[in-house]
Amino acid sequence: MSPLPTEAATRGVAVAIEDVSKHFGPVRAVDGVTLSVRAGEFLSLVGPSGSGKTTLLMMIAGFDEPTGGRFVVGGRDITHVPPHKRDIGMVFQKYALFPHLTAAQNIAFPLRMRGVSRAERDRRARLALDMVKLPDHADRFPAQLSGGQQQRVALARALVFDPQVILMDEPLGALDKKLRQQMQLEIKELQQRLGATVIFVTHDQEEALTMSDRVAVMSEGRVEQVGSPRALYEGPDSVFVADFLGNMNFFRGRLDHATGEGCRISVGGIGMAAQPAAGAVAQPGSPVQVAVRPERLMVSREEAGTAGIPGRIRQQVFNGASLTVVIDIADGTTVQAAADARSAVAELRPGDRVAVGWSAVDAHVFADGLP
Amino acid sequence: MPSLRIRAGDLPLRLFGLAVLAFLLLPTLIMVPVSFDSVHFIRFPPRDFSLRWYREYLADPEWMAATVFSLQIAALTMLAATVLGTMTAVALERGRLPGREAIRALLLAPLLVPHVVVAIAVYLQFTPIGLTGTTTGFVLIHTALAIPYVVLVVSASLARLDPTLDRAAMNLGASPTRAFFAVTLPLIRPGIFAAAVFAFLSSFDETVVAFFISGDRHKTLTRKMFEDIDMNLSPIIAAASTVIVVVTIALMWLGRSAAAQVSK
Ligand SMILES: Nc1ncnc2c1ncn2[C@@H]1O[C@H](COP(=O)(O)OP(=O)(O)OP(=O)(O)O)[C@@H](O)[C@H]1O
Ligand SMILES: [Mg+2]
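First to last, the sequence lines map onto chains A and B. Read left to right, the first sequence gives residues 152 to 522 (our numbering). Read left to right, the second sequence gives residues 9 to 272 (our numbering).
Derived from the structure by calculation, the hints contain no laboratory data. Some hints could be false.
[Stated by the list, open to error] Only some residues are given here: those of chain B computed to face chain A with a beta carbon under 10 angstroms:
| hint | residue |
| --- | --- |
| 1 | PRO20 |
| 2 | ALA88 |
| 3 | LEU173 |
| 4 | ALA176 |
| 5 | ARG186 |
| 6 | ALA190 |
C-beta atoms are modelled at their ideal positions from N, C-alpha and C, and glycine is treated no differently.
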């Protein structure tokens, strides 16, 4: 038996998901997903409801067989290995703690299944309880633990047998915001300390951005884009990803001309600089969408000679750390800009005329497929 | 679970409830005082108190043989029906067998078919192969009749159990069989216990089939009572009835407290 993770060197292994599909009749829950997760990496799967995240995770855990493709974990093809022989830990959304066993017995369960001696089980369950900061709760039953404590026990139970990979399906979904943020930090810290490979499903894109080494954005059973949180946030490949992660403004315009690096577009007749997104951009003259983050939008009072797209302040919302201004621009689109609450933007009042602009690197141009 | 709340002021409703209860229970309970009378015929209300008929009941080898026989087949039926019914319920609730609704309907059929129909059919089948009046014959048919109860009760416990617990157990290294014994079984144990009580009682109280397939040497308590009613209606029947009622109520109470534990 390998020692407790706290004593172990990195044991997380690489996971290769190769062209995996799962079709339920006509429904393509997962549709040709290829992803490689590195050893010791924290990878999040995000995507709208029904995009296939849970289905993919269940197949990795072995509860469902893919209709196509294969999984290779640590060099071993596990596509047809039954779940109990996969050596993959899982934290379920509702924890799935065994109600008839105490916290310590729950944690010792995977060790018992592996024939670890009683004394050794007790010792490792204790260490695992220490690791999740619950040393005094060994003899409590799940019903006697709070949501956050149950979550920790579930985490300890998934870690204690030192699995090759750990899967988590919205493990923090049931917790309130404060506790959620605290657990995010704790999980991340544990994962780094143990060098565990984690595949983490979440609805909460902010959570994915803060916790992950890389994020995979799924839509309709496919992976739209994979990359570091920063790369995804700052360089979305598609309108879908741009829209899905964080807040995003979209301007309608036309492509004037594209060079290797940047491009020129016009929005409502005003020429602006931008850069084409990785997905190929349309021919000059064709309609495009320009995506700019609210915090990258530059707003100034419109005076004679000010460059930028003209607009009018509709509303100003104060939200603590920052200030959001809502602006109607000429063609009827509404955009939002986030600004420091003490900047000059704060002086603007509803009805004021403004000019909206951006730095070329912050504006991503996509072909406009929409009507 | 939604519950009907009755306000203390609803007197008519309470009276109605009591009336229904009396209607259901009185015919059964009337036998209890009668069994303590001392005269050798049944009269109501009884006029004195004696244990005479209990003494006679206990001293009569035929009554004792029937009682022991009934208890014996009820115990064996309980064992067989509980094991088979639990396995069936698990297969129905957790398995991936095709046509499981049809199988479920078929299994529950004995609850709907009149017992007398079953009794005649069984009588016709059992006579040529010599199964009438045998423990094996009784246990076979009583098990078939008890399985639906077990399937219903255990299925209900399983349906309440979160299926992700099974998955969690397997994920943590338990084979499906071990997951069943380490997780599912302990969690549905109260349901199984209640089902076992039902199975025992369904055999112990069973009358119609027993009437047909009892033999001269091996007859159930219920069959023996029928015979006595025909021959001499003595208060010993009241004593035997009281024994049945007491056993039934005691076991129901046990079963209920087990079921209460399930829903806790
Ligand atoms: N057993 C099934 N039979 C038929 N369709 C299914 C089955 N399981 C899932 N699906 C379908 O597959 C698609 C993906 O479902 P899945 O649960 O993987 O989504 P998800 O990304 O986890 O969504 P959520 O964020 O809401 O949890 C959905 O359209 C769903 O309806
Ligand atoms: Mg899901």
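Can you give the numbers of the hints that this structure goes against, from lowest to highest?
1 and 2
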